[in-house]
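> Protein sequences, first through last, are from chains F and R.
All residue numbers for the first sequence refer to this note's numbering, where the first residue is 1 and numbers rise by one.
All residue numbers for the second sequence refer to this note's numbering, where the first residue is 1 and numbers rise by one.
Derived from the structure by calculation, the hints contain no laboratory data.
Among the hints, erroneous ones may be present.
[Said to hold, decoys possible] What the simulated footprint calls covered on chain F by chain R, stretch by stretch (three residues with Cβ under 8 Å from a Cβ of chain R suffice, anywhere in the stretch; the number is not a length):
| hint | segment |
| --- | --- |
| 1 | 82-95 |
| 2 | 468-482 |
| 3 | 589-595 |
| 4 | 611-617 |
Only a predicted model underlies this, so the values are computations on that prediction, with no experimental measurement involved.
Even for Gly, the Cβ is constructed at its ideal location relative to N, Cα and C.
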Amino acid sequence: MNSFKNRYDVIVVGAGHAGCEGALAAARMGCDTLLLTIDMDKIAAMPCSPSIGGTAKGQLVKEIDALGGWMAKISDSSAIQYRTLNTRKGPAVQSTRTQNDKNMYSQNMKHVLEKAENLDLKQAMVESLIIENNAIKGITDNTGFEYLAACVVITTGTFLRGTVHIGSSRIQAGRAGEFASTGLAQSLESMALEMGRMKTGTPPRLHADSIDFSKFNVHGSDEVIKPFSFSTTQVTTPMLPSFMGQTNPATHTVIRNNLKYSALYGGHIKGQSARYCPSFEDKVVKFPDRESHHVILEYEGIDSKEIYASGLGNSLPLDIQYQVVRSVKGLEQARIMRPAYAIEYDYVSPLELTPALETKKVKGLFLAGQINGTSGYEEAGAQGLWAGANAAAKTVGRPPFILDRSQAYMGVMVDDLVTRGTQEPYRMFTSRAEYRLLLREDNADLRLARIGYEYGLTDKAHLEEVSRIKAATEKELERVSRIVVKPSDETNAFLSRHNSNPIDTGVPLTQLIKRAELSYDLLKQISPAPEPVQARAARQVEIEIKYEGYIRRQYNEIKKFEDLERIKIPPEFSFDAAHGLSNEIREKLNRIGPASLGQASRIDGMTPAAISVLMVAISAFRQNPSP
Amino acid sequence: MTDTIAAIATPFGSGGIGVIRISGQQSFDLAAKIFSKTPADGEKKAPQFISHRVIHGFICDGDTTVDEVLVIPMKGPRSYTAEDVVEIQAHSGTIVLRRILDLLFKLGARPADPGEFTRRAFLNGRIDLTQAEAVADIINARSDSSLKFAASQNLGLLRQSIQDMISVLTRFLARLEAAIDFPDDAGAFSYTSQDKTTLQSVADKIEGLIQQHKDACFLKTGIRLAICGEPNVGKSSIMNRILEKEKSIITAIPGTTRDPIEDSLTIEGIPFVIVDTAGIHQTDDLVEIIGIEKARDQIEAADIVLYVIEPGRPFPEKSVSKILPEDKPVIFAINKMDLIDELDLPQLPQKYADISPVEVSALTGKGINTLRTRLLETCIGNLEIGDDAVIPNLRHKNALAQALGHMTTMMDGLEKGQEEETLALDVKNCIDHLGTITGDTAPPDILDAVFNNFCIGK
Chain F
1 MNSFKNRYDV
11 IVVGAGHAGC
21 EGALAAARMG
31 CDTLLLTIDM
41 DKIAAMPCSP
51 SIGGTAKGQL
61 VKEIDALGGW
71 MAKISDSSAI
81 QYRTLNTRKG
91 PAVQSTRTQN
101 DKNMYSQNMK
111 HVLEKAENLD
121 LKQAMVESLI
131 IENNAIKGIT
141 DNTGFEYLAA
151 CVVITTGTFL
161 RGTVHIGSSR
171 IQAGRAGEFA
181 STGLAQSLES
191 MALEMGRMKT
201 GTPPRLHADS
211 IDFSKFNVHG
221 SDEVIKPFSF
231 STTQVTTPML
241 PSFMGQTNPA
251 THTVIRNNLK
261 YSALYGGHIK
271 GQSARYCPSF
281 EDKVVKFPDR
291 ESHHVILEYE
301 GIDSKEIYAS
311 GLGNSLPLDI
321 QYQVVRSVKG
331 LEQARIMRPA
341 YAIEYDYVSP
351 LELTPALETK
361 KVKGLFLAGQ
371 INGTSGYEEA
381 GAQGLWAGAN
391 AAAKTVGRPP
401 FILDRSQAYM
411 GVMVDDLVTR
421 GTQEPYRMFT
431 SRAEYRLLLR
441 EDNADLRLAR
451 IGYEYGLTDK
461 AHLEEVSRIK
471 AATEKELERV
481 SRIVVKPSDE
491 TNAFLSRHNS
501 NPIDTGVPLT
511 QLIKRAELSY
521 DLLKQISPAP
531 EPVQARAARQ
541 VEIEIKYEGY
551 IRRQYNEIKK
561 FEDLERIKIP
571 PEFSFDAAHG
581 LSNEIREKLN
591 RIGPASLGQA
601 SRIDGMTPAA
611 ISVLMVAISA
621 FRQNPSP
Chain R
1 MTDTIAAIAT
11 PFGSGGIGVI
21 RISGQQSFDL
31 AAKIFSKTPA
41 DGEKKAPQFI
51 SHRVIHGFIC
61 DGDTTVDEVL
71 VIPMKGPRSY
81 TAEDVVEIQA
91 HSGTIVLRRI
101 LDLLFKLGAR
111 PADPGEFTRR
121 AFLNGRIDLT
131 QAEAVADIIN
141 ARSDSSLKFA
151 ASQNLGLLRQ
161 SIQDMISVLT
171 RFLARLEAAI
181 DFPDDAGAFS
191 YTSQDKTTLQ
201 SVADKIEGLI
211 QQHKDACFLK
221 TGIRLAICGE
231 PNVGKSSIMN
241 RILEKEKSII
251 TAIPGTTRDP
261 IEDSLTIEGI
271 PFVIVDTAGI
281 HQTDDLVEII
291 GIEKARDQIE
301 AADIVLYVIE
311 PGRPFPEKSV
321 SKILPEDKPV
331 IFAINKMDLI
341 DELDLPQLPQ
351 KYADISPVEV
361 SALTGKGINT
371 LRTRLLETCI
381 GNLEIGDDAV
391 IPNLRHKNAL
401 AQALGHMTTM
411 MDGLEKGQEE
421 ETLALDVKNC
431 IDHLGTITGD
441 TAPPDILDAV
451 FNNFCIGK
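Bound-form chain R, shown alone:
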């Protein structure tokens, strides 16, 4: 715990500045050794570090100036890790940042392990377990809305929700225990309809949280949208229009897109991953066959499917029913609306009669905004996530699933009139699992699991 660690704290290759963070007893000394208020060729001036005051200067390697930087020294415990911390804001660029880091390593700093800064913050009592995870989520957040959800967890909403359930279960457990330990005074335990309602509401709440985890997976990893259709209906053009940039190679030769092509974007803060797939039709070309197989896999993995058709071609009912999944939302887009008269639209078969197709023109951009809105509505319509939503992560979800299992066993047992002491064990196990979410009863192996999910620098 006493050694000093350093790492690049900003993502590689993005943004105008890169931050190097140093934490540990020697962090001030190490920073002072490589920092000068004047460039290397001038007269070297030792810095005067004042905690929480930004200082301007240069990082020097002997006679060479490495970069012009801003340095923020922070004395513990008023720092991210609660140790002495120095942050160096340099010009972003992998080579510059690596050189500064190397200087620090030569002087005795050690490369930080994944998540080590947050681990130290946790171990030093700066943040609790749910907060530590929320930090990881903030770092990993790809969009505004997922950042917002991560932040709400940081405020302890999940913690509160878990603690509420624990206190309900604890009260119930206390009744079982009283019946066991004070059979003469407390009388027999009886399972009332009120109990049933109360326990069911806890079980529902746990289930709800598990569902929110699933929903939020969309928000953290992006909703997968697969664009498919027959060859040369303009799938790639539509994708590019949605993304508003050239990604797929577009040619007039049918079958140009053989490997699925992926990109991500956000629509009103909701992240999407869009996959362009090879056109699906009967073919003998081996490369295309493989492409079509891949497209099928992509459709399988998608959360939502955009099926593109064009006017003047009959609706390929047979192949559509073969490839379109029953359990996923589908949007139909009619492309090339610039070419035809509105009266000549292809008819959707009876099965899809309820879905009104979106009319677009990838060429002119007409209808693309409507398509974006439709995408959003279709995906988000089912997600009930408000501003104050509580989003459990994967570790939470696993603990919740375990807790739910014990709830189910226990409630079955109650119906069957099972003995109090075995029921109590299920309630207790359920509480223990919920407790691991807030870290109140977290055994160390859970901590390891949490911190292994961190990337270097935080």
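One chain only, chain F, in its complex shape:
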């Protein structure tokens, strides 16, 4: 018989950011896992910007890290720049962003996959899915070979019928220079999944030696490096700067004169693009009054001469791209190494998915990443982990791995996707998270350690470490909240040194900590803890006190949210039986099949009246399940 293995618990198709996290999560949970990639040299590739994190995305990466995922650790091992964004705002909306050496990132992830237990990494192009009785059985590759598993996670990114556009030229490609996947697209289509088309794009890469960097403002890395991963203690890679410049009216004239040659404006592109990530043509057309837009030059790697020219993404023919690029000050002699391009690809409507990211039509088939209509490495990685954990949970007979909107950005994203679908490539924003003051980078592991450990995503040592931080935080909060600072010459001298008003009666220490010009760290000098408080706990104490009223308010909001979330809609419940719903709402409910009244309430166009109708109908159904 077969001398090689072709049966697994979980198969993950595609080794991008979603696939890598998915396969690693399933393997951590003890499942025999196979990860298939079209190209062994393109693992965890960064086809667009050479960076990880950013507002809201940084939070996702920290959550992946808190659940034992690898994105943050790999990012630390390949970082060439660190920046904490929004440092002038509060801790809830501060986010880490790294710039990375792309090759190093890919190589380091490959090493992790190669070394991982329970994980096989193989190169193969999947041609079709094996489905019997509406359940997945495995996949067939393009040589006709079969791999079998009861759970399959598809993470094919932009490869489904990918079409690269440069001017009027159109190339079938998953990414520039790579095979598109058409067989798999047909396979998915034959399952009658609702599909759509989206568009994204990437700017040109320029040769470093052809750029006059003196015409740009230099932005260096943060002076104090704060590693991405909770487990990283040291960053050893060299830091590189990035460069900020501007386009000018001449640049915009080139665009205006050549719009007809743009794939986007020449009518070649039908896919939906994202409003938050416009191509340069879009910016010029939609903001005609602006005389300049940012151009940011970033290194793609330590040993690479390729420079990522952020802000100049377009779908123009190469000769016009040259005119655009060279009109920018400092880029007069620039040589384009890789042209900018737009890419169109198929995605599956996420409304086809359960909150576990499993398709409703085919049991055991999970989808994660760009195939679900999202954008971004971080969004992909988070969904990959989520889908991989759910494939593994299903294999070992555990309940689905689901975080709700009050627990994690991941939970917000998945709930948004499976409840509201998406009309444009979905990107994470902090404003999507209604409990954002609680869902911070700094407490991602504190929030998720317990569930991560319960599902086997992280180990006991991690949980214990987190428990120690939490205990130390509570102890110190308790101590601080009991202290009243008495007015004294010494105290008032200290306050005036820090531009803070003196006190003439006893004031609770927490009140002083809340003053904008003071902090927990500073006030340690007045009221030191009997034994040193570890840095993570001290930071939590500071945040808890500074945000206090707001945090309490968010907890109260969560209580209300949970009330509706707890009312589950039985799977056998028929929305047709709920008397008094409009046809439009009924259709949506049937299509989306919300698992709880809470989820139903977030469906687009849902009214309080319809929710009341549902509530009545569900309780009637519970009392008398037969119609």
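Position chain R relative to chain F; hints supplied.
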């Protein structure tokens, strides 16, 4: 939702007809079973119900005719509740109506819960939350003007006003969010004087609505007018003249009115509740002392005070200053003008010199109309409620007060340069509270609160 409910839809004991409303799947069947086109002693003729067509006949209980009625069958969704509805117009009288209802209950209908008809209309998508409340207000409306205000709310004016504010706040929130989520593109958030003006105008608008609620409370519950004065100056007679009927027992014995006596009337559509109080003076009679205490409470609870004096008695400055409140409008009336010469009028003390007393005679009715007009002017002068006014009810007022609290916190925070993400939470909470008024984000507990305020039958 599928069971059939029935209730008396008209107020008890008033009007010439009483209406029984039945709603639910079985309403047509149930009505048909108790209805006959001929009286019970004749040959029974089953009705032919045609939707929205009035049919005349009799309600029969076996061989007994209960009442002669008009029946209006209405097929859903073209009905009040959007379900099948039958309305039976019978002769008003509690016993008759109860008998008809009992017949329906025996056949399987269920007594409607308070507000259940409107609740069903709401749940079936016939009306939105503000409209549902407006219906409650229409039912409770006691006067023409409050009915008018309730009706304007029904047209969605309040909704529009709230939505306007929400859209201003949403635009502001969007700027905060942009600064948070796109720090590189959107740049830093800055609080301009233009913002301050815009936000202040929203806060003012919310405050204005809260004030209109307070003003409108007068219109819904009636303006409380306390009539007071020394014993036997004719307080009760004046009250009766204003009401134009005998309510208080009038005798020539001072101190006849010991318990405050209340009645209501409308003057040009504005409802008043008039309270006659015991005469206030020094007394040793225990019953009278209690009466005077009560009178003080009434004055405390009143919105306006009518102080009655009579010619020939000195103005009781001491007791007046003790009992008359500083913060309420006061009208002085000089009664018994029929008895004296106009030159012998009592002098009002300096403090009240600006108020010209109204001269009346409860005996002849002279000056009573002037007094009514004065009452109206004094009360309504401060109420700026036009025909298109928006009147928030108590639930709205509470939501508005919450929203205002968040507005205040947020605007303080803006002055202090507080972080965007905490400011945003206040804006969002403010929007949420405003949203509960229109029901756009109404959680179910609000619905319960709304519907608990309904009386049976609507």
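> Now, for every hint given, state plainly whether the structure supports it.
We went through each hint and held it up to the structure:
no., hint, verdict
1, 82-95, "holds (count 7)"
2, 468-482, "violated (count 0)"
3, 589-595, "violated (count 0)"
4, 611-617, "holds (count 6)"
The structure fails hints 2 and 3 (numbered hints given earlier, in ascending order).
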